[in-house]
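Q: Listed below are the residues making up each chain.
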Amino acid sequence: MTMLRGRGWITAIIMILLAVLPPIFVATGNAFWLDLATRLVILAIAAVSLNLILGYGGLVSFGHAALLGIGAYAVGIPAHHWLYGGGPEWLQTTSGWLQFPLAILAAALFALVTGAICLRTRGVYFIMITMAFAQMMYYLIVSIEEYGGDDGLVIDQRSELPFVDFSDPLQQYFFCFVSLVIVLLLVRMIVNSRFGMVLQGAKGNEERMRTLGYNVYAYRLTAYVISGAMCGFAGALLGNFTTFISPEMMDWQRSGELMFMVILGGASTTVGPVLGAVVFIVLEHLLSSLPEPLGVYWHLPFGLLLIIVVLFVRGGLTTLLTRRGDR
Amino acid sequence: MALLEIRNLNKSYGGIKATDDLSLTVEPGELHAIIGPNGAGKTTLISQLSGLARPDTGSILYKGRDISSGAAHRRAHLGIARSFQITSLIMEMTVADNVALALQAREGHSFRFIRPARKVRHLRDRALELLAQVGLEDKADRPTHALSHGEHRHMEIAIALAAEAELMLLDEPMAGLGTEESGQMVELLRGIKGRHAILLIEHDMDAVFALADRISVLVYGHIIATGSPDEIRGNEAVQHAYLGEE
Ligand SMILES: Nc1ncnc2c1ncn2[C@@H]1O[C@H](COP(=O)(O)OP(=O)(O)OP(=O)(O)O)[C@@H](O)[C@H]1O
Ligand SMILES: [Mg+2]
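Line by line, the protein sequences are chains A and B.
Residue numbers for the first sequence, in the numbering used here: 1 to 327.
Residue numbers for the second sequence, in the numbering used here: 1001 to 1246.
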């Protein structure tokens, strides 16, 4: 119980800061920090979605960035056809009512098809094959010249929704922030549900779960698809935020960053990945803006820090902050 | 009709015949014990019955239907539960969660996303009842890894009971227990005997002879004798092959 209360205050502090700071950034003319916060919140959604399968399902997927990319292209491709013509008529639109559901469905479908295959493997094979599917998606996009190939695609017109103006940075931020809150609540609900218990049980002891009568494969695939759908949604937000998308978003390095956020913050809590995203993005910024020559080599201390956390703080920063010396 | 009928089962691992032309029946409500030296193939047999290992040839009939190629999770739904020789629990979950998951498995699918699992009253209540039956009710909310080996053995039984299976496959429930704990386990098994058919694997001869309706002796994957406890005690081949060494 103390643990739960401990996590409660971390959640509260992070969420309050994320709600309060951005308007202050705007009021004080710190547009850059608002940008950073927006990117942070979007990547936090992706990390929270990854944590559903990684932290609770024990499935180390190294291809989650592909889902971010799919979501972003689900915004970029319709916007491209809307401006330049071509493609089926229903696709030529900037309406968020089409783009967001498209992002979610396309990512869910990708997760369904690839997950159906990946989940037949275990351990290192699973990691490798999720990564391979993501790279396939990467090369697919690179090969489509109409959408810019490896040069990427500029989104000239952001998604249009009646209740939010994506070209207003603060509105955009709060749309992303509210989305994060909803995704967190959804993941927490799923994790505590009977479905979530099965998912966690299969992580702890797959053989036992099968002998109890659970079709472990079906439950994992479902979690994989749910996670994919959420990440696709984050991708649509990311496309709107950057207004420039390229296959590079799907690169395995991006997937690795999402994994680091999850592990850094703590994979055994719903809010852990948010903390991980905050620390990751802020540190990345601070270290890379150190004076020369330190700033050039910022990857070095950053990498060391990650290694230290992974090796010595089992359970991530959330555990570190809530530990009461009883373990 | 026998509840379980095994016909000419064979299974090899590389050059080792772990199961060798094995035939055996379990009648409804019967406690059928299998004894045999280390490496005789007892666990391999249970694994083939529960669906975690696949036989090379032969058939497994449950209520007259051949189930030898069905997936493990399907067999559980047919009414077959197993316990593990090497404790197989979900260590990071609480004791009650482990039992609740066994109960939940019986209620059709678990694609239920909204209600918190721990607030489903009947699962919680029944889990506590079962834990009381094995003497672990006051440990219900402890993490499983914090319990002792003996308590883990009792959890295995509570989980097997949760399935309300017609056939329970128990793989050395007394493995690693002290004399006192073994005595408790014998009493526990005596209490559930008759309500479920049980295929019991056990090295503890006192327990086996006290509990079993029938005993089969397994040596090198093959059954060399089956009979009542008295018959087995008097069987010369058995004494020669197995009991004599004790
Ligand atoms: N997965 C496996 N791969 C290779 N060999 C195996 C495997 N499982 C069992 N064996 C071999 O099959 C034989 C039977 O093993 P099994 O575990 O069934 O014996 P057991 O009767 O349960 O023994 P014990 O009393 O020690 O539990 C042994 O020789 C064992 O080494
Ligand atoms: Mg064994």
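Keep in mind that the hints were calculated from the coordinates and are not lab data.
Certain hints may be false.
Stated by the list, open to error - Label pairs and their calculated CB-CB ranges:
{"id": "1", "chain 1": "A", "residue 1": "304", "chain 2": "B", "residue 2": "1148", "range": "55 to 61 Å"}
{"id": "2", "chain 1": "A", "residue 1": "285", "chain 2": "B", "residue 2": "1148", "range": "46 to 52 Å"}
{"id": "3", "chain 1": "A", "residue 1": "268", "chain 2": "B", "residue 2": "1057", "range": "33 to 39 Å"}
{"id": "4", "chain 1": "B", "residue 1": "1071", "chain 2": "A", "residue 2": "304", "range": "44 to 50 Å"}
{"id": "5", "chain 1": "A", "residue 1": "268", "chain 2": "B", "residue 2": "1078", "range": "44 to 50 Å"}
{"id": "6", "chain 1": "B", "residue 1": "1108", "chain 2": "A", "residue 2": "109", "range": "41 to 47 Å"}
{"id": "7", "chain 1": "B", "residue 1": "1086", "chain 2": "A", "residue 2": "283", "range": "39 to 45 Å"}
{"id": "8", "chain 1": "B", "residue 1": "1023", "chain 2": "A", "residue 2": "121", "range": "55 to 61 Å"}
{"id": "9", "chain 1": "A", "residue 1": "128", "chain 2": "B", "residue 2": "1122", "range": "49 to 55 Å"}
Don't be surprised by glycine CBs; every beta carbon is placed ideally from N, CA and C.
Q: Now, for every hint given, state plainly whether the structure supports it.
A: Do the hints match the structure? See the list:
For the hinted restraint 55 to 61 Å between residue 304 of chain A and residue 1148 of chain B, the CB-CB distance of approximately 41 Å leaves it violated. Range check, residue 285 of chain A to residue 1148 of chain B: about 50 Å between beta-carbon atoms, so the 46 to 52 Å window is met. One distance hint, 33 to 39 Å for the beta-carbon pair residue 268 of chain A and residue 1057 of chain B, is violated here, with the actual separation near 45 Å. Taking the beta carbon of each, residue 1071 of chain B and residue 304 of chain A are about 46 Å apart, inside 44 to 50 Å as hinted.
Checked against the given bound of 44 to 50 Å, the beta carbons of residue 268 of chain A and residue 1078 of chain B, roughly 35 Å apart, lie outside it. The beta-carbon spacing between residue 1108 of chain B and residue 109 of chain A, approximately 27 Å, falls outside the hinted interval of 41 to 47 Å. Between residue 1086 of chain B and residue 283 of chain A the C-beta distance comes to about 44 Å, which sits within the given range of 39 to 45 Å. Between residue 1023 of chain B and residue 121 of chain A the C-beta distance comes to about 37 Å, which lies outside the given range of 55 to 61 Å.
Taking the beta carbon of each, residue 128 of chain A and residue 1122 of chain B are about 43 Å apart, not inside 49 to 55 Å as hinted.
Hints 1, 3, 5, 6, 8, 9 from the earlier list are contradicted by this structure; the remaining hints agree with it.
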